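The residues making up each chain are set out below.
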Amino acid sequence: MTHRRSLVPSMMVGSREIEIRPLDTIGSALLRAGYRVLRRSSSGRPRGLFCGMGVCHDCLVSVEGEPNVRACITPATPGLSIGPLADEDA
Amino acid sequence: MPERLPRLLVAGAGPAGIAAALEGHRRGMDVTLVDEGAEPGGQYYMTRRSDGSSTSPHALRAAGAGIRIDTRTVICDAPTAFRLTTWSKDSGLRDRAYEALVIATGAYERSVPVPGWTLPGVLAAGGAHTLARLNGVRIGQRVIVAGSGPFLLAAAAAIRATGAQVTLIEATSSATSLSGLRWLLRDPTVLFQAGRYLGRLAFSRTRFLYGHAVTAIHGSEHVEGVTVQRVDREWRPVAGSERRLEADAVCLGFGFIPQVDLALLVGCTLRYRAEASAHEVVTDHEMRTSLPGVYAAGEVSGIGGHRVAALEGRLAGLAAAHDAGLVPGSEFVRSAGSIRRRLQGPLRVARWIDTAFAPRAGIWGIAGQTEIVCRCEDVSFAMVQESLEVTAATPAAVKVATRAGMGPCQGKVCGPVLREWLRATRGYVPPPDEGPWSVRPPIRAVPLAAWAGSGSVDPS
Numbered sequence: 003m004t005h006r007r008s009l010v011p012s013m014m015v016g017s018r019e020i021e022i023r024p025l026d027t028i029g030s031a032l033l034r035a036g037y038r039v040l041r042r043s044s045s046g047r048p049r050g051l052f053c054g055m056g057v058c059h060d061c062l063v064s065v066e067g068e069p070n071v072r073a074c075i076t077p078a079t080p081g082l083s084i085g086p087l088a089d090e091d092a
Numbered sequence: 037m038p039e040r041l042p043r044l045l046v047a048g049a050g051p052a053g054i055a056a057a058l059e060g061h062r063r064g065m066d067v068t069l070v071d072e073g074a075e076p077g078g079q080y081y082m083t084r085r086s087d088g089s090s091t092s093p094h095a096l097r098a099a100g101a102g103i104r105i106d107t108r109t110v111i112c113d114a115p116t117a118f119r120l121t122t123w124s125k126d127s128g129l130r131d132r133a134y135e136a137l138v139i140a141t142g143a144y145e146r147s148v149p150v151p152g153w154t155l156p157g158v159l160a161a162g163g164a165h166t167l168a169r170l171n172g173v174r175i176g177q178r179v180i181v182a183g184s185g186p187f188l189l190a191a192a193a194a195i196r197a198t199g200a201q202v203t204l205i206e207a208t209s210s211a212t213s214l215s216g217l218r219w220l221l222r223d224p225t226v227l228f229q230a231g232r233y234l235g236r237l238a239f240s241r242t243r244f245l246y247g248h249a250v251t252a253i254h255g256s257e258h259v260e261g262v263t264v265q266r267v268d269r270e271w272r273p274v275a276g277s278e279r280r281l282e283a284d285a286v287c288l289g290f291g292f293i294p295q296v297d298l299a300l301l302v303g304c305t306l307r308y309r310a311e312a313s314a315h316e317v318v319t320d321h322e323m324r325t326s327l328p329g330v331y332a333a334g335e336v337s338g339i340g341g342h343r344v345a346a347l348e349g350r351l352a353g354l355a356a357a358h359d360a361g362l363v364p365g366s367e368f369v370r371s372a373g374s375i376r377r378r379l380q381g382p383l384r385v386a387r388w389i390d391t392a393f394a395p396r397a398g399i400w401g402i403a404g405q406t407e408i409v410c411r412c413e414d415v416s417f418a419m420v421q422e423s424l425e426v427t428a429a430t431p432a433a434v435k436v437a438t439r440a441g442m443g444p445c446q447g448k449v450c451g452p453v454l455r456e457w458l459r460a461t462r463g464y465v466p467p468p469d470e471g472p473w474s475v476r477p478p479i480r481a482v483p484l485a486a487w488a489g490s491g492s493v494d495p496s
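Residue numbers (our numbering), protein chains in the order written: chain A, 3 to 92; chain B, 37 to 496.
This is chain B alone, in the form it adopts within the complex:
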């Protein structure tokens, strides 16, 4: 018998991380859950106190003191295998050893720039949804919700509920938006949710424009209006269809991108999946990554929503416990098989959403007309185009030539933008097995004094 329990470190306390922590704990591991937020729950549960599910923050609290929960804690470095460095205001830098790590770092909003997208009053859909629903902030009187994907419905409904007038502009045609009906009909939960949002929006006389896109945002100090155009199947704007709408806030959402920075830092194999236009962590059927003792679950291994995340998290916790010798083979095969069967339906819906709502090539022509591509360093598309005269049309070469992606967000916003723009307009083909821009520790902001004293800094 080992003297102490195997340590499971879970990075991220959203649905996947909570499920992994609960499963690991139930199977006898010594579990620590680390999250940047003030409360466990992640982006999904931040706006839903508890939905009664078995993997909510409520369930986590019910599990009692068996799971250590370190909130307001960032993971900033991975100095060697089986070790991470974390930082929090209260505890400073800490070295943490683990036998198993579950990476459940979630996703963030995909940006597709349009001229004027850096103006105050332009918000990402996820952020706008939280501001409206959690904080009751009316982000504007006349709000344009634009982009693609089902999350726009949730954002529009939340913004409408604050008393704002909302216009929803979906680039995907209504025919494509309905093409997934056969999957939805087999999935009553999602069908009910979509129906509820649509009903509420229709009732409040929210204006819908399918097959349209915002092609410019106007204003000098903040948003004053937008230009909307019809787009064709490939999302190319139709000339002559321009019209101007008054607005004082714009909410942009084009789906989500797996947040792979920790996986990249640790050294997991990533893969570029063209249908999703994003990098994902590669896992086997039981959520094991390419590294021993490291698992990935939820959005980070492919966008699937909270139900997929919770099931994958459980699977990751189960696999970690099995690999640590705590779950016998027969029991593991039975439990893992049952979770995988329950994943099939939600995964089918998720793959349809990937394909139906992923940005089409035409929209990147509009993006290329924007002034700023890298918001951190104020790098313009003009500078990028100029650099392409002397450098290769790859994201890595553009970064070196222009400093795009070298600011505090570490290229999370403009990296995918530049990659998709190069792909759509310059024939760049992302190598399937090559990761996105590399990351450098600390991968999250840590006060310089603490970091400098840690010995982790390169003296140069």
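In isolation and in its complexed conformation, chain A is listed as follows:
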């Protein structure tokens, strides 16, 4: 088993490690890493970041096991664990 320690600040999305930068929110880090679909609506439609300022509640993700956190206004801090996101097989 190789144990890789990241040199840049990062957080976990399901089982994947993604980079975070200063001033990142969870939402900005996720979008930079290519995550567009963050969850499914009650009727199964894909949803992602929309208003980007905490109003619309479309970008809800689970953070450290706490559900319904607004990704767009929650600061991304090193070591956070997100998700798993809607379509991820984690």
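Just so you know, the hints here were simulated from the structure itself, not pulled from any lab data. If you're wondering where the values come from, they're calculated on a predicted model, not measured in any experiment. Hints should not be assumed to be uniformly reliable.
Residues of chain A placed beyond 12 Å of chain B at every Cβ, according to the derived structure [unchecked claim]:
| hint | residue |
| --- | --- |
| 1 | Leu9 |
| 2 | Val10 |
| 3 | Gly16 |
| 4 | Arg47 |
| 5 | Pro48 |
| 6 | Ser83 |
| 7 | Pro86 |
Short derived list, chain A residues pointing at chain B, Cβ under 7 Å [unchecked claim]:
| hint | residue |
| --- | --- |
| 8 | Ser30 |
| 9 | Arg41 |
| 10 | Gly54 |
| 11 | His59 |
| 12 | Leu82 |
To spell it out: a stretch of chain A is covered by chain B in this simulated footprint if at least three of its residues, at any positions, have a beta carbon under 8 Å from a beta carbon of chain B; those stretches are [as the list claims (entries may be wrong)]:
| hint | region |
| --- | --- |
| 13 | 18-28 |
| 14 | 32-38 |
| 15 | 73-80 |
Built from N, CA and C at the ideal position, the CB exists for glycine as well.
Knowing the structure of chain A, use the given hints to seat chain B on it.
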């Protein structure tokens, strides 16, 4: 002499809130500034570290320890007059008493739905601007920036700077867009800013389409393209002018709506202003609302931009200090008069923007063809139309019949959409003195356990 200083609570740490806090502090009040964000500054200063103005977060820090700043703190309830309940992760629920409250809760983006608007990759212009400018995130390779109003220029320039190819689609005709030139010519700051954005966009060969609108967004899991159409003066799409553009992200902006939820909760009188297509908090010339001790400043009393917000914030702080007996009448009249004179120019530009770029009736016909109107509850326009067969064509009746607006955003997104759609297509006339959909505490998300233990919950 009173034993302690009069307490001024300022809700919102954008340009208006910072100005109010600084003025209140300078005039001898005991000031607390509360904001949901991680840093003071609000949406405007989030992407500008400091612009050297006297009401920036930098100026706030320079004022030293005299002002308490509670960030990452939400205001969730107003149990009685002169009291608010706040919540933060660190302090939990807290009861705060005040002698004066300045409501400076700002604004948020107006949504005008088009088919496909819930697809991932469709972002509101304000959010896209922040992602591009603050976080350097390229929201797509080919980005459509569409809607109306001068903010689209700022969003397009920020997105272009991330390396994306940008097409800007403005529904307002180029003639109308230029009609405000006489106001702009008297306002060098705004003229310079607009010129700079236009210059940068022209230099980067950004494509502009005036008098056009996105009438559909395509894709199954995320954005793959859009249909663009020419629109007439009333923004009705011109049949036969459809063309498809490839895109992997769409940024929609139709101006801003005052964020009046706290004002509504506290009980301030609001007014619907038809030219702005929005509810605003009613204030007198010195920013006093209908309630004693409660003031409103900045976007919440009418969209005007950061310069208007900073001046109104100062005026609100000054009036609060005067009403608390800290500023003598003659000094108040002189200072308030000077601030009001400086407000005249920026307010004229703001009123022109309201009128020139406000959504025209035709666009709501396109909105009515979208599948989803309420993103929270997945309520469709078909369900709304069906409900109108048995219920009145008012936003309140539609909400009860369809659950539109009952989700976590508390109707902030779909409320104005439904109201304007009913107005444009069903002859609904918003009563000038009636507020938008009512709000229920907690008006911001608070962990259920904390809220349940507070005694604020209705046992039913």
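Status of each hint after checking the structure:
no., hint, in the structure
1, Leu9, "holds, 20 Å"
2, Val10, "holds, 15 Å"
3, Gly16, "holds, 17 Å"
4, Arg47, "violated, 6 Å"
5, Pro48, "violated, 5 Å"
6, Ser83, "holds, 17 Å"
7, Pro86, "holds, 17 Å"
8, Ser30, "holds, 4 Å"
9, Arg41, "violated, 10 Å"
10, Gly54, "holds, 2 Å"
11, His59, "holds, 4 Å"
12, Leu82, "violated, 14 Å"
13, 18-28, "holds (count 4)"
14, 32-38, "holds (count 3)"
15, 73-80, "holds (count 3)"
Figure legend: structure checked against the earlier numbered hints; hints not met, in rising order: 4, 5, 9 and 12.
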